[in-house]
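> Read off the chains here:
Protein chains: 2
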Amino acid sequence: MPETSNDNWFYEYFTPDAKFGIKIRRHLVDTKSEFQKIDFYDSYEYGRFFTLDGYIMLTQRDEFIYHEMIAHVPMAVRPDAKKALIIGGGDGGTARELLRYSTIQHIDMVEIDRMVVNLCRQFMPFTACSLDDPRLNIHYTDGVAFVAQSQQKYDLILVDSTDPIGVGEGLFGMEFYQNCKNLLAESGILVNQHESPYYEDDARQMMRAHAKLDAVFGIAAVYQFHMPTYASGHWLFGFASDSVHPTTDIKEDQWNSLGIATKYYNTALHKGCFALPNYVQELLKNTGMQQ
Amino acid sequence: MPETSNDNWFYEYFTPDAKFGIKIRRHLVDTKSEFQKIDFYDSYEYGRFFTLDGYIMLTQRDEFIYHEMIAHVPMAVRPDAKKALIIGGGDGGTARELLRYSTIQHIDMVEIDRMVVNLCRQFMPFTACSLDDPRLNIHYTDGVAFVAQSQQKYDLILVDSTDPIGVGEGLFGMEFYQNCKNLLAESGILVNQHESPYYEDDARQMMRAHAKLDAVFGIAAVYQFHMPTYASGHWLFGFASDSVHPTTDIKEDQWNSLGIATKYYNTALHKGCFALPNYVQELLKNTGMQQ
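Going down the list, the protein sequences come from chains G and A.
Numbering (this note's numbering) for the first sequence: 2 to 292.
Numbering (this note's numbering) for the second sequence: 2 to 292.
It is possible that some hints are incorrect.
No copy is singled out in the list; a pair is fine if it fits within one copy or between any two copies.
As a list, the in silico DSSO-like pairs of lysine-lysine whose alpha-carbon atoms are at most 27 Å apart [as the list claims (entries may be wrong)]: (1) Lys252 to Lys264; (2) Lys286 to Lys264; (3) Lys154 to Lys38; (4) Lys252 to Lys33; (5) Lys272 to Lys84; (6) Lys252 to Lys83; (7) Lys252 to Lys272; (8) Lys33 to Lys264; (9) Lys84 to Lys252; (10) Lys286 to Lys272; (11) Lys272 to Lys38; (12) Lys272 to Lys24; (13) Lys272 to Lys33; (14) Lys154 to Lys264; (15) Lys83 to Lys33.
Note that these hints are calculated values from the structure, not bench results.
Fair warning: this is a prediction, and the values are worked out from it, not measured in the lab.
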């Protein structure tokens, strides 16, 4: 829950007994859409940031980490990808990274909340900068319904979702993943926001997501990255496919020959980030009973 | 600086404009040694934790990450190591991990502050549990002076220091590292607490430390780990040697045959954790002018 005290600190509670505080320069937007509470802030340490239902979605300072890791990991395995589906991602950061590839011809981005996109266009030009690229098609509708009805085939599906509560809930369901799989072309890859292993509630969501990806896909791997403004700083994406493996099928030389300048991602890190701590591996192994 | 407000939250300021809050069950110790301010707490989310000059040193919940990563990375490269020097490490966690190896015959631990060790014996039995092992010799003296005077040879030197302010300052100096190098036996390894790349002050210390290790040792590598209760959650150790390389010289099969159960460390993660993000590599490359 958000809490802005008199001296202008925003707090995100990681748990009821641990919180992260950001000193606010200005509370830019305090509103509510049809779907969720939306707040935009300007801060001293992290620049602009916004929250949905009180949870930090991105900050200007570290969004590059999340967006590079959701996009370039699958692209280094499938640098020939032409068609992609983004579920969520209303800030535009994930689309921005994918659109850096000249080989990407078409992206469908399915964002339920038009207000998030409009506010990001206004206040987050650093992520929204590619939203008018002619290769990008924004659909303001429910991602769960979209994947149930679509007849398209995609090389990549990137699930850039909020946490699995409220509006994001359906994006962590078995049917959703099954429908995504049906939309993948040959050698297709799904990457999803996979929560965090550290705090108990996040770890439970991580296990729920993994149990389903593991049931639906032949390959269901998990990779980690350092995200300073997310709870614990230890965050994960899932990498799921029926035929391509994230580290043995990486096209390292081909990706490096593209000359895509990145601040976080590189192909050595790509191979390293799938090596998870033992305690995380244990949690992921014990997902059998999670629903 | 520490700040415990009326409703019993401890705050560590990562920067003047970002802070981390832990709800306190009990403030166990509030004292000052000859060297530093010392506070021990019991908390709801992290169990017991203690701070020096207001900075979190360890929490019961995540200390295993730090202590496994400082000890097992060099031990997997030198599983034959017999003699080790620990600089700092008064809580006992680093010694605890090293003493799990039956091959380790002798450890000198040089801790300047006897009060830290005594309080950890009382309140942190989970890290202090091996402090009475007959292979461990505790020297209550200044680590900088110790390495300048010692005539011993060590297979490993682990610099488990506080931040390079106040009492820890000398542990980040060129002379200190040069003296450490002189104490290393053939194929010896130095590992040091290497700060964090994210917040500006931490990154400056990281660059200072790296500039010196790089000047003194033939091999000066850096590895990362996820440490939820340290600023940004993105923390580093340095790995320095004149002859052994952290990833190409790892004795993977030998280490795995030892059957040492770990919660964070494993040899795949060992090889992965030296792959650093581009922005961190850039900072480390640009250390030439740092003093």
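> If the cut is 27 Å between Cα atoms, do Lys252 and Lys33 qualify within a copy, between copies, both or neither?
For Lys252 and Lys33, neither the intra-copy (44 Å) nor the inter-copy (56 Å) Cα distance is at most 27 Å.
> Are the CA atoms of Lys252 and Lys264 at most 27 Å apart within a copy, between copies, both, or neither?
within (19 Å within a copy, 32 Å between copies)
> Evaluate Lys84 and Lys252 at a C-alpha cut-off of 27 Å and name the case that applies: within, between, both or neither.
within (18 Å within a copy, 44 Å between copies)
> Evaluate Lys252 and Lys83 at a C-alpha cut-off of 27 Å and name the case that applies: within, between, both or neither.
within (16 Å within a copy, 42 Å between copies)
> Treating 27 Å as the Cα threshold, decide for Lys286 and Lys264: within, between, both or neither.
between (32 Å within a copy, 14 Å between copies)
> How would you label the pair Lys272, Lys24 (within, between, both, or neither) given a Cα cut-off of 27 Å?
neither (36 Å within a copy, 38 Å between copies)
> Cα distance capped at 27 Å. Does Lys272 pair with Lys84 within a copy, between copies, both, or neither?
Result: close within a single copy only, 24 Å intra versus 34 Å inter.
> For the identical chains here, do Lys154 and Lys264 meet the 27 Å Cα criterion within one copy, between copies, both, or neither?
neither (31 Å within a copy, 41 Å between copies)
> At most 27 Å between CA atoms: does that hold for Lys33 and Lys264 within a copy, between copies, both, or neither?
neither (34 Å within a copy, 42 Å between copies)
> For Lys252 and Lys272, with the copy left unspecified, which applies at a CA distance of at most 27 Å: within, between, both, or neither?
both (11 Å within a copy, 20 Å between copies)
> Go through the copies and call it for Lys286 and Lys272: within, between, both or neither, with a Cα cutoff of 27 Å.
Both ways: Lys286 and Lys272 sit 21 Å apart in one copy and 22 Å across, limit 27 Å.
> When Cα atoms must be at most 27 Å apart, do Lys154 and Lys38 count as within-copy, between-copy, both, or neither?
For Lys154 and Lys38, the Cα distance exceeds 27 Å both inside one copy (33 Å) and across copies (62 Å).
When each numbered hint is compared with the structure, violations occur for hints 3, 4, 8, 11, 12, 13, 14, 15.
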